[in-house]
Amino acid sequence: MKLLVCVSKTPDTTAKISFTDDGSEFNAAGVTYIMNPYDEWYALVRAVELMEKGGGTVTVINVGDASNDQTIRKGLAIGATDAVRVNANPKSALYIAKQIAEHAKDGNYDIIFCGKESIDYNGSEVGAMVAEFLDLPFISFGNKFEIENNTATIEREIEGGFEKCQVATPFVVSSAKGMAAQRIPNMMGIMKAKKKPFVVVEPVEFPDYSTPVSYSLPAKKTGVKLVDPENMDELVRLLNEEAKVI
Amino acid sequence: MVLVFAEASKGQFKKTALEAVTYGYKTAQVVGGDCVVLTLGEVDDAGQLGKYGASKVFNIANAGFAEFDSQLFAAAIGNAAKELRAKVVVLSHTSMGKALLGRLAVRLNAGSVAGAKTVPSVDGNTLMVTKGVFSGKATAEYAISSEIKVISLASNEIPPEETGTPVDVENLNVDLPAPKVKVLEVNLQSGDTAPLPEAELVVSAGRGMKGPENWGIIEDLAASLGATTACSRPVADTGWRPHHEHVGQTGVAIKPNLYFAIGISGAIQHLAGVNQSKVIVVINKDPEAPFFKAADYGVVGDLFDVVPLLTEAVKKFKAA
Ligand SMILES: Cc1cc2nc3c(=O)[nH]c(=O)nc-3n(C[C@H](O)[C@H](O)[C@H](O)COP(=O)(O)OP(=O)(O)OC[C@H]3O[C@@H](n4cnc5c(N)ncnc54)[C@H](O)[C@@H]3O)c2cc1C
Ligand SMILES: Nc1ncnc2c1ncn2[C@@H]1O[C@H](COP(=O)(O)O)[C@@H](O)[C@H]1O
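Protein chains in written order, with my numbering: chain C, 1 to 246; chain P, 1001 to 1320.
Same shape as in the complex, but just chain P (with noise of 0.2 Å):
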């Protein structure tokens, strides 16, 4: 059996956690048994992730759960997989994931793969399945021996595919210690694009833009496109952009299924953590700039005037 937990933040499913569900939904076809999903605390309508594969849903009530403390949590979806006897945990390769991951591993006494790329694959009692290494320059196939195994998987891989209908939602009673963590404040960017990690469209600018007071065209650009914006480490470093924006080996590390880069050169750093876009379009005045080398599309221009005409093309498609 297959155990998903699927995140939610105030009470609605993230994509990530559609994505896990259905991930989970795939597992189970090759590991064999039921995939089954847990949620924690107060959400909405959980029985729609059938919808993704789940047979059943359970839900864990606690207050605690309103804030996230990774012992808390850990223990919750831990004592539900031994509970479950679940044999592949699954969560999904964010923040909370990436806090909880670990602590399940050690938990189970499991195996774990942080950021999948691949549905496993099965061989004996061996689990076979890819991740991104090295900040994004090579993958890597791992083997997971264990008896149980933890899974996080990266987002942007494995698109979200309704393939049945909502189930019941039924409550599990676990052992719970009291939360260590309080939470004092949340700070969320106002907007309604996606953040980062889990942004289709990405438009990215760098030092070309020759100051903060010329982001306008790239805010335009990003709103024609209902894209998110991002930067380059210097960008971010000057303080021209917020530090969540940028994106590289050091930053954020995105695959979104289209990034723009311009006015940025291409350093190695980073490529390292945008690379593995799908589609890079590259926008500089310089025809030898090395991120050229990495673009799928080009153009060769002076972003202060490519910029607006793009836009107004984007526009136009639009509308049409």
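Here chain C stands alone, though its shape is the one from the complex (with noise of 0.2 Å):
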């Protein structure tokens, strides 16, 4: 099967989120980068997974800089076979989308991965863009996976539980946990991701059509209150009245 993979780069989970002084743009100053978890861990171990089984490739496919390309290498390191970077500095999913679904609309890709959702945008909007954008089948938040003869049955997150789905190839799914388990790199694997093919492309003309024009950060808490572990009628008191949450 010829599988696809959407990775992003997004900023460590341990990072601390500031902004310029005017707030209009993120302060990338001593941020490290990390491919999205949810891509990583979930929808490229999974499609890795299916090409060992199975046969076939896996590429990964990014729209960014070059600062991407650390990222994109250790998804060749994981067990990608190639990698395609769209060389832009996409502002929004739709532009993202579009230049990913440009790339696939000739790939006669079977499956394509994404991830729930980036970790800093955290807009769970790209993959459903893709699969509009290629009139393909989406399922979201899947988090088992299982395919035989071209036929999917992928277990999905919904509200309180999860819904088991069916569904033929092609078509996109969004990667949630559980659908894989984390994959260190190996230093062969490192190695051999040198020589693996690696295109950048240029991206295709397309507008933004929402952007962050703004960012703020949330006001402190005011410190916390402290009560009497032996006092607990106090803390009910304190919900009720003061905060007026129970």
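Accuracy of the hints is not assured; some may be wrong.
Partial list, computed: chain C residues near chain P (C-beta under 7 Å) [said to hold, decoys possible]: (1) 55; (2) 124; (3) 137; (4) 140; (5) 209; (6) 212; (7) 225; (8) 226; (9) 232; (10) 245.
These aren't lab readings, by the way, just hints derived from the structure by calculation. Backbone N, C-alpha and C fix where the C-beta goes; we use that ideal spot for every residue, glycine too.
Using the hints, put the two standalone chains together into the complex.
In structure tokens form, the structure reads like this:
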């Protein structure tokens, strides 16, 4: 099978989030970047597992500038066969999805994997957009994924539980926790990655309809009010009378 | 005109749907025109949505809506939006809404904001809307400049408000594709508490619990409050609790009115998913636990002593 995995680069989960003084841009100084965990741990690993079992190829695609190359190489080290970077500095999900769809439309991919969401913009949008551009079914938040004879059985997260569904290839799926277990690339993988095909293509023109224009941090908590551990009636009273939440 | 897709589950509107209608009503007041609501498939008493601000409710009947296929649903909502000439389309930022928003953005050639927290403000033809970014660590204001805009509303941000009276429900016919996704099985947790993303009260516990056999005191506290239970990631990873209870950056992101963190240290990845809760209560025996910095109320003590006392106090309060 021919598999495509969409990977994005995000700030590390422990990164301190700050913005330029006028709030117009993310302050990248001192921030380390990682591959978006949903893309790496679940989408990519599951795709590589499928290839290891059934043959085929796993292509990773990223829409971004050259600073993303390290992230993409990590994808190759984990086991993807080749990589594509669409050379752009994207500002909106729709723009990203358009570029991915442009690449995929003549690629005859059986399955396009993406992550549940990017941990920076948290939109959960790109996968559904790629699916719509290509007029393909889309299953979101898959946490278990099996495939036999081109029909996949996917368990997807819904509010308060899960739903098991079935869909035939080609389709797009977004991956959540449970679909696979994280893999750490080994030395051999890292060496091999250097020799794998990695192409950089230019983007197609597409407008940005929706972009962030300013950022702000939440107001700091004014400080914790400590309650005597022997006096839980007092805590209940505070939650009722002061905080008004019960 | 603002078109709201009101999501139903087994024919019943969820709280998130009522929030979306209220949001659509408020958005219509800002952008002009009516707030029109779309319902799909068999739903009970859709006319009641008028109470939350719908000036009209449309229903599209099709047996396919009994199972969720994003292609089918997006075609229905997208074609209805075109037919009714909607300028803004509002969805709920639920698992269903998240699978639909991107599709509608493409279909309607529209700019989108996923998980909006505020009623838009207008600047010429541009709508300004805020949403959480960096897993709840910050807020961003987005400008949407396209002709048509699609917005999904984050849950627990805009409380449903009764502003009107029930309205008539009209049938609408649009072209629909055949569904390609088949739902084989739906598994919902039993019990009558709200699912985590919608819950207003959450009782969450971490590794400080020592083992799954001790969870009874957490369940008792949750039951006394009518709260939903949650847990930290290592607790779900080691199988002490089911995965769907895992909250945080790589789990469910929540923002209830009240979040109890019991025996949870307050790692940055945990906080990322819960720090938008309105009120946070931390129970931890270590006064240096980082979670206290993010807390409104704190109890420094052994959870095995404190939690049962708290449950008693809640029961006493409820009985009074
Ligand atoms: C990429 C990445 C993503 C992650 N995503 C998440 C996520 O989404 N969600 C998440 O939760 N974590 C996440 N983590 C893990 C996170 O870093 C922490 O390891 C985790 O949150 C710790 O869980 P905990 O607080 O339950 O356990 P611990 O850190 O072990 O804390 C236990 C706490 O219980 C207290 N305690 C112990 N005994 C008692 C007692 N008798 N009475 C009272 N208090 C007691 C201790 O003082 C301590 O503070 C992630 C980590 C990484 C690297
Ligand atoms: N710049 C990008 N390049 C490639 N894939 C991306 C990019 N941004 C997001 N994605 C994919 O889309 C998913 C959802 O992202 P988002 O819509 O931003 O939450 C991610 O998990 C990735 O799989």
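Here's how the hints hold up against the structure:
About 25 Å separates the beta-carbon of residue 55(C) from the nearest beta-carbon of chain P, more than 7 Å, and the hint is not met. Look at residue 124(C): its Cβ gets to within about 4 Å of chain P, closer than 7 Å, so that hint holds up. Given hint, residue 137(C) at the interface with chain P, holds; its Cβ is 5 Å from that chain's nearest Cβ, closer than 7 Å. A cut of 7 Å between beta carbons decides the hint on residue 140(C): the least distance to chain P is about 4 Å, and the hint holds.
The closest approach between the C-beta of residue 209(C) and any C-beta of chain P is roughly 3 Å, which is under the 7 Å cut-off, so the hint is satisfied. A least Cβ separation of about 4 Å between residue 212(C) and chain P falls short of the 7 Å threshold, and the interface hint therefore holds. Annotation: interface hint on residue 225(C) holds; nearest CB of chain P at approximately 5 Å, less than 7 Å. Interface hint at residue 226(C): satisfied, since its Cβ lies 5 Å from the closest Cβ of chain P, which is below the 7 Å cut-off.
Given the 7 Å rule on beta carbons, the hint for residue 232(C) holds: about 4 Å separates it from the nearest Cβ of chain P. For residue 245(C), the shortest C-beta to C-beta distance to chain P is roughly 4 Å, which falls under 7 Å, so the interface hint holds.
Hint check: a violation occurs at hint 1 only; the rest are consistent with the structure.
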